[in-house]
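Undergrad: Sequence:
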Amino acid sequence: MLDDLPPITEIQRTVLLSPGEAKLYDSVREAAIAKLGAAASGSAQARVQIFAELTRLRRLCCHPQLVAPAANLTSAKLESFLELVRELVAGRHRVLVFSQFTDVLALVKPLLDASDITYQYLDGATSMKQRTAAVDAFQGGDDDVFLISLKAGGFGLNLTSADYVIHLDPWWNPAVESQATDRAHRIGQTRPVTVYRLVTAGTIEARIVELHREKRDLADALLEDTDRAAKLTERELRSLLEA
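Quick note: the sequence shown uses our numbering, first residue 107, plus one each step.
Just so you know, not all the hints are guaranteed correct.
Restricting the straight-line Cα-Cα distance to at most 30 Å, the calculated cross-link-like pairs of lysine-lysine (DSBU-like) are [stated by the list, open to error]:
#1 Lys129 to Lys141
#2 Lys215 to Lys129
#3 Lys235 to Lys257
#4 Lys215 to Lys257
#5 Lys215 to Lys235
Hints in this document: simulated from the structure, not taken from any laboratory. Predicted model only: the values in this text are computed from it and were never measured.
Model the full assembly from the supplied sequences, consistent with the hints where possible.
TA: As structure tokens, then:
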């Protein structure tokens, strides 16, 4: 029964952007506000444009290279992530790592390689045969880490050999994150499970986490073509950029 599952602990690990990252973030955010200010408001296209800018900022929080490669900046978030994973692996723990962005996971791979941390990988393009082989290998104890794209890992995976879960970037709908976490915290798990969420301070990521806590219906509606989404004002969406 679910009541018999071991305890689960959730921890928010706050990441401070480097001065260079913070300056770039502010520059990109201000440019987005100026761009949207010049665009026609009150249309479906305006909402699409706002969401595109929000996504751009989210990607920047993960790694500047994804938005401005010429800036030649490193990622405070991935540095924090690598420090955490090294500690966990040294403590003989096994870890699931989720991100919405497959190119973020692609940047994680060489970091793990350089640290001699072994891993499996799964995203939406992984074939069923490869998926089964990766899961079997991880469950069999072959690797320390399993890198998984958030949408590909929400259902149908039994990964109870992991006792830690790391979410690299917060998703609008916390239920999707919970479904991913449940790949480890499910029937068959015998150890307590710890979940880390890496959130960059003072950014759109922090605002998303606030939405999780304060107004879940708004967070859910952002990506759903429902009556609730229709009730969201453009001003509410723009406020996420302006905060």
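Undergrad: For a quick check of understanding: which of the numbered hints are violated here, in increasing order?
TA: none
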